[in-house]
Amino acid sequence: MLPTRQLWREAAAGYPPRRRPSMSKSRDMMTLLLLLLFLCEAQSWAASKPNFVLLMADDLGIGDPGCYGNKTLRQILSRLSHQAEPDDNFFRASLWLWLGRGESGCPQSFPVWGHTEATGRDRTPNIDRLARGGVKLTQHLAASPLCTPSRAAFMTGRYPVRSGMASQSQVGVFLFSASSGGLPPSEITFAKLLKDQGYSTALIGKWHLGISCHDPGDFCHHPTSHGFDYFHGLPLTNMRDCKLGEGSVFTAAFRLLVLLPMQLIALALLTLVVLKWLGLFRAPPCAFLFLFLLATLLLGLLLGFLHYFRPLNCFLMRNRDITQQPMSYDNLTQRLTADAAHFLRRNAKTPFLLVLSFLHMHTALFSSKDFAGKSQHGSYGDAAEEMDWSVGQILDVLDELKLANNTLVYFSSDQGAHVEEVTVKGEVQGGSNGIYKGGKANNWEGGIRVPGIVRWPGVIQAGLEIDEPTSNMDIFPTVAKLAGSPLPQDRVIDGRDLMPLLQMRTQRSEHEFLFHYCNSYLNAVRWHPPNSTSIWKAFFFTPKFSPEGANGCFDTHVCFCYGQYVTYHDPPLLFEISRDPRERNPLTPTSEPRFWEILEAMQEAAARHARTLQDVPNQLSLGNLMWKPWLQLCCSSLGLSCQCDREDQDGRHSP
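Residues in the sequence shown are numbered consecutively from 1, following my numbering.
Keep in mind that the hints were calculated from the coordinates and are not lab data. Every value quoted in this text rests on a predicted model; they were computed, and no experiment measured them. One or more of the hints may lead you astray.
[Claimed, not checked] Calculated cross-link-like contacts (lysine-lysine; reagent style DSSO-like; alpha-carbon spacing at most 27 Å):
1. K192 - K481
2. K425 - K349
3. K437 - K425
4. K544 - K437
5. K437 - K71
6. K195 - K349
7. K425 - K49
8. K544 - K71
When you get a sec, could you build the whole thing from the sequences and use the hints?
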């Protein structure tokens, strides 16, 4: 007979009823039955209200984790205190090299379904442990190849264009904490739904979906306004400018907006001087003074921007209070992990939702002294191994609290690796997208195909691999249904419940079509026809890689979505992804007899999809993106100094 806990959990999750042995009339069997019913009733609340731990990496490529094929990230195992508290020597890591004993947890590839097998040593042991104990999705897709829109889709289960979180310009993410754009208050996140169902909810780490709308105290876009009881982390995003000595993401913009005008001003000054010296032109002294003052002003603006950007935009908050401005990278992952562990312990007796949103692997790269210099991939590998350690800490706490069997754990990345991330010294600081073309900011497979791991012991079969198209938008309806929350009926939800697929009640994804946006522009369509194993992908335009022959847009640091930066295709560029996942061989009417038929079906689907869209305010318009001084948050009253460190001032942690 199956254990009571497993029988109940299978019933709650929708397993078909198991055939039970015929009941004896004996008193012992009757007693056993009554005991079984009593235990089921006692466990009903916990079993029907599973916990959720959603782990989201930033810019992690699908080729980075060991279970997706990476064999060179050196494994580090840490044996840190289970207490995960700063006061309990949490930061004292005892690190040692893994010698390759035991099975790997890195599944081999199967066309659609297959059981994972050991293939070599673990490289990201804790992420691999998660994969070994759950389901690995090999065609898991981000709804956007950029941070802000992808995270909006993840939170709401909707394409970002529906909420206005898709830009119509080159800039597709928020760059300033004092921008007025963000996830609209009218949007419903899975945190809101779960909070209404009695869940304790927390988001720890990166947000990047806005802070305030009209004044610095409204916090209309803040996590605590979107269903999270507790927030501790970075409201904007990690970037090079946040870490001294790492350069700036605005280099190209400076060249265009500041350096080029200064060069023109200098040329004008020189021309006036030469013409005056030759007696060909008489310029009044005020003309020289005006040009000089203009150049000085531009230079001053540049220097001021560089000086103040870090404190004004790179700060940590706990709920709605700034705790560290500018933020310090010292043991940052350990601090956030400790807080996440504390949240789990404090809420072990109630259903909870924890979103741990890592700052890794976005630049600026960082790691604590226990991980710095330990990997074979420089600072990127160090950061990856530290993130893997953090995943392990969370899994260990769930085991310690005996919550693993009632907790769905999900691990993914907001988009693919940023392949153009190379320092001025030539160090590659972007990750690996494996065999896939492209990367962050474009819709080639390398930009949107991301790790996707789901574990729920006793409910989801361990060691399974699924190659059906799934989306990070699917987490919204999956979590909502498991928590007992009805889906909103007043809006389109683009995600689909993953549980039938994860539990093998169906072998096909519910997504017949998926739409890939580059900012607000429909870039490509993916089609998985019914009763077919083929998966087609059609591009309406593709980015122009630069320099020619590169695997990214290195000249502009990221790829853009329109104009001179793209090539339009008529007819659309068609690939059979199921046979050509590297997207090397575009099909033609000669090579594919159904070429026009396939494109017609995909274009009709795109037209139907377009009819479901509604006009909404663009949250990433120039007006919403620009820095607004009156929205700037500052933890001190000393002008723009904005410096404080209250992270450990009173020892506060998550509620």
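Comparing the hints with the structure gives:
Between the alpha carbons of K192 and K481 the distance comes to roughly 13 Å, so the proposed pair stays at or under 27 Å and holds. With a CA separation close to 51 Å, the supplied pair K425 and K349 exceeds the 27 Å bound. Restraint check for K437 and K425: satisfied, since their Cα atoms lie roughly 25 Å apart, inside the 27 Å limit. Distance hint between K544 and K437 is fulfilled; the C-alpha atoms sit about 13 Å from each other, no more than 27 Å.
For the hint pairing K437 with K71, the CA-to-CA distance comes to about 20 Å; that is within 27 Å, so the pair holds. In summary, the hint linking K195 to K349 is supported, as the alpha carbons are separated by about 16 Å, within the 27 Å threshold. Straight-line distance between C-alpha atoms of K425 and K49 comes to about 51 Å, which puts the hinted pair past the 27 Å bound. About 31 Å separates the Cα atoms of K544 and K71, which puts this hinted pair outside 27 Å; it is violated.
In summary, the structure is inconsistent with hints 2, 7, 8 from the numbered list given earlier, while agreeing with the others.
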